[in-house]
Amino acid sequence: MIDAVGNPQSVLVLGGTSEIALAVIRRYTGARKPRVVLAARPSPRRDAAVAELTAEGVPVTALDFDARDVGGHSAVLDKAFADGGVDVALVAFGVLGDAERAWQDHEAAIELAEVNYTGAVSVGVGLAERLRAQGHGVIVALSSVAGERVRRSNFVYGSTKAGMDAFYQGLGEALRPHGVTVTVVRPGFVRTRMTEGLRPAPLSSTADQVAEVVVTAVRDRRELVWAPAPLRLVMSALRHLPRAVFRRLPV
Amino acid sequence: MLTRLSGWGRTAPTVARLVSPRDFEAVANVVKKSRERGVIARGLGRSYGDPAQNAGGVVLDMTRFDRIRRVDVDECLVDVEAGVSLDALMRVLLPFGLWPPVLPGTRQVTVGGAIAADVHGKGHHVVGSFGDHVRSLDLLTADGSIRELTPDGEGSALFWATVGGMGLTGVVLRATLRVVPVETSYFVVDTERLDNLDDLLARQSADDDRYAESVSWFDATATGPRLGRGVLTRANHARRDDLPAKPRRDPLAFDAPRLFTVPDVLPSGLLNRATARAFSELWYRKSPTRSGQVQNITQFLHPLDVIGEWNRGYGPRGFLQYQFVVPFAAVDVIRRVVERIASSGHVSALNVLKRFGPGNRAPLSFPGPGWTLCVDLPVRPGLGELCDGLDELVLGAGGRHYLAKESRATAEAVRRGYPRFEEWRAVRASVDPDGVFASDMSRRLEL
Ligand SMILES: Cc1cc2nc3c(=O)[nH]c(=O)nc-3n(C[C@H](O)[C@H](O)[C@H](O)COP(=O)(O)OP(=O)(O)OC[C@H]3O[C@@H](n4cnc5c(N)ncnc54)[C@H](O)[C@@H]3O)c2cc1C
Chain A
1 MIDAVGNPQS VLVLGGTSEI ALAVIRRYTG ARKPRVVLAA RPSPRRDAAV
51 AELTAEGVPV TALDFDARDV GGHSAVLDKA FADGGVDVAL VAFGVLGDAE
101 RAWQDHEAAI ELAEVNYTGA VSVGVGLAER LRAQGHGVIV ALSSVAGERV
151 RRSNFVYGST KAGMDAFYQG LGEALRPHGV TVTVVRPGFV RTRMTEGLRP
201 APLSSTADQV AEVVVTAVRD RRELVWAPAP LRLVMSALRH LPRAVFRRLP
251 V
Chain B
1 MLTRLSGWGR TAPTVARLVS PRDFEAVANV VKKSRERGVI ARGLGRSYGD
51 PAQNAGGVVL DMTRFDRIRR VDVDECLVDV EAGVSLDALM RVLLPFGLWP
101 PVLPGTRQVT VGGAIAADVH GKGHHVVGSF GDHVRSLDLL TADGSIRELT
151 PDGEGSALFW ATVGGMGLTG VVLRATLRVV PVETSYFVVD TERLDNLDDL
201 LARQSADDDR YAESVSWFDA TATGPRLGRG VLTRANHARR DDLPAKPRRD
251 PLAFDAPRLF TVPDVLPSGL LNRATARAFS ELWYRKSPTR SGQVQNITQF
301 LHPLDVIGEW NRGYGPRGFL QYQFVVPFAA VDVIRRVVER IASSGHVSAL
351 NVLKRFGPGN RAPLSFPGPG WTLCVDLPVR PGLGELCDGL DELVLGAGGR
401 HYLAKESRAT AEAVRRGYPR FEEWRAVRAS VDPDGVFASD MSRRLEL
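Taken in order, these protein sequences are the chains called A and B. For the first sequence, the UniProt record's numbering gives the first residue as 1, with consecutive numbering after it. For the second sequence, the UniProt record's numbering gives the first residue as 1, with consecutive numbering after it.
These are computed hints drawn from the structure, not numbers from a lab. Please note: incorrect hints may appear among the correct ones.
[Claimed, not checked] Not the full set, but computed from the structure, chain A residues with beta-carbon under 7 Å of chain B:
| no. | residue |
| --- | --- |
| 1 | Met-1 |
| 2 | Gln-134 |
| 3 | Gly-135 |
[Said to hold, decoys possible] Residues of chain B placed beyond 12 Å of chain A at every Cβ, according to the derived structure:
| no. | residue |
| --- | --- |
| 4 | Leu-77 |
| 5 | Glu-148 |
| 6 | Thr-289 |
| 7 | Leu-350 |
Where a beta carbon is used, it is the ideal one built from N, C-alpha and C, also for glycine.
Work the whole structure out from these sequences, hints included.
Below you can see the structure in the form of structure tokens.
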């Protein structure tokens with residue numbers, strides 16, 4: 001259960017090696033030690049995260065999870081929920097890929113679509129079913145401003161995020177009467193492994209700053225937030241620019 | 001029907017299927033058919049946190065069971081259904097010259113809720129808590145059977161596990177309560193204004209036993225030497241001869257005014273430092289020292305009942321109440337808690353301090369000999385950490401939290417505070433091995 005001041009008792013991360021998600025977990029495991037489930041592909045990074053949390057006295061379980069293996073999602077979620085439910089579930093997996101390859105190489109395009117969109121929809125449906133039965137809980141969907149107005153420079157990625165963003169917003173509406181909140185988080189440029197080597201866009205942030213936005217949004221039961229917050233205004237302006245102007249912007 | 005439910009503090013709403021059965025058989029059917037997420041009874045929802053809600057499960061609305069079945073004036077007994085409110089009960093009893101001996105700070109609670117939380121009033125140091133006045137009760141248990149339980153003899157362990165058991169041993173359907181005779185519906189009140197916490201504590205300790213009712217309010221916004229300046233009010237039931245001529249003509253009269261209801265649209269943060277200070281100043285000023293004043297029930301016992309739904313004044317983020325008891329020897333904890341709150345930037349306008357008398361046999365009953373302090377805190381960033389810090393002081397001194405107000409502590413905190421927890425748990429396990437009775441609180445605190 002989530003208590004009166006917003007402490008969850010259990011947190012599930014799908015895409016459990018995401019830097020943002022791990023930063024969120026660190027914030028949740030300060031004074032209190034909620035149960036943590038990290039669902040991700042087996043990797044040294046996952047092992048390191050488990051070791052770090054264990055050393056801090058956090059009860060943590062790792063589950064093998066592959067976003068593209070949609071057939072296996074149900075079994076993973078069953079395991080994640082087996083120990084008394086999940087209070088906060090973070091949908092944190094995603095690939096950025098090489099933007100130019102992504103629209104010219106069939107396989108690269110499909111991978112982005114399958115991981116970022118199909119995979120997100122697949123776990124979304126599975127989480128919805130289980131949280132609904134629980135009568136409470138929060139799904140945090142890590143979306144991106146890239147989906148808000150899709151740019152020439154990374155439109156395949158942007159389109160997958162636009163799709164997942166829309167799906168989770170709709171899911172939030174559908175789950176409202178069931179006591180479940182869906183929080184869609186739209187970070188801008190986050191300086192992480194995933195964006196290494198790319199030139200940071202204006203209003204960029206760190207994983208830890210995004211985590212702070214996430215934790216606050218969950219506590220306040222917000223449904224749509226930007227990280228950092230001022231991006232909301234920027235994106236609102238960008239959304240309304242005529243194409244001819246938008247095309248020429250150096251973003 | 002799927003319904004979003006929260007406690008009085010409006011902090012952690014969840015959705016459950018709310019059912020309002022019409023008869024006891026229907027209640028038994030709901031319990032027998034319960035599934036994985038279980039069932040919990042709900043009274044008037046006046047507990048602050050999450051004990052009367054059950055995410056994904058069933059919540060039994062008990063307020064339809066509101067019949068007062070019998071008043072036995074000679075024996076001073078009443079036989080009531082569990083959904084009867086203490087307000088209704090008091091109104092029915094007064095014309096008979098009878099009085100429910102334990103009334104909490106609001107009368108808008110049910111008999112079932114009063115048993116489940118073993119509530120206390122301002123008279124605890126003299127009359128004990130609600131469970132001490134229950135002669136028998138009917139409990140519907142997980143197997144669908146109804147057992148009549150009494151404080152002594154066979155079934156007494158289950159009786160005392162139900163008193164204070166937060167609805168987790170079963171559903172109380174009916175109870176026989178002992179009530180007391182009174183001559184009037186008035187109190188003779190002594191009010192003392194004291195300008196710091198030490199004086200307040202000392203004064204309250206000196207001669208509480210001369211009064212049937214005793215409580216103090218203090219100002220947690222004043223700082224420095226005036227920290228904890230407060231108002232001590234103590235009273236005895238007025239006898240007929242105590243009354244001035246006019247009320248003496250109708251000594252058992254009662255009418256409760258309800259002036260206004262707070263609308264549901266207030267923003268969070270209405271109660272801030274400035275308003276809390278203004279309120280505290282006002283309360284302090286309006287209560288100069290005087291003795292022997294005759295006051296009616298609302299004036300003395302339930303001044304807040306004049307405002308309906310006042311919990312909305314805290315806005316949509318809600319608030320929590322932090323109430324604990326520490327042994328008399330640990331009175332210093334009271335002082336340190338008050339200081340910590342005053343310097344934390346969090347604001348509490350309603351601060352109530354009381355001395356408890358001896359506790360009873362119920363393993364999870366809250367009151368026990370010592371000081372109890374209760375503060376109201378709107379939810380703001382940092383509140384969780386502040387309370388975690390207070391927990392250390394309280395538990396370290398052998399104190400405990402009041403479950404009817406609890407909304408954020410840990411499973412370990414409850415076990416530390418209630419040394420007889422395992423004894424209670426064993427009784428619950430024996431009547432409800434599969435955990436049919438479950439609530440958000442029972443999941444959160446592993447009860
Ligand atoms: C303004 C205010 C002042 C208060 N002052 C005091 C005070 O001075 N002293 C004090 O002790 N308390 C006080 N309280 C707390 C209140 O008395 C308790 O929380 C009480 O339990 C509320 O009763 P309820 O009918 O609203 O029960 P609910 O809040 O609906 O339920 C409380 C618990 O009782 C259980 N329950 C309810 N009905 C039944 C039943 N029929 N069978 C089994 N279990 C049942 C529920 O499962 C739950 O665990 C105050 C509350 C408010 C809002």
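Evaluation of the provided hints:
no.: 1; hint: Met-1; verdict: 4 Å, holds
no.: 2; hint: Gln-134; verdict: 5 Å, holds
no.: 3; hint: Gly-135; verdict: 3 Å, holds
no.: 4; hint: Leu-77; verdict: 39 Å, holds
no.: 5; hint: Glu-148; verdict: 33 Å, holds
no.: 6; hint: Thr-289; verdict: 37 Å, holds
no.: 7; hint: Leu-350; verdict: 17 Å, holds
Every hint from the earlier list agrees with this structure, and none is contradicted.
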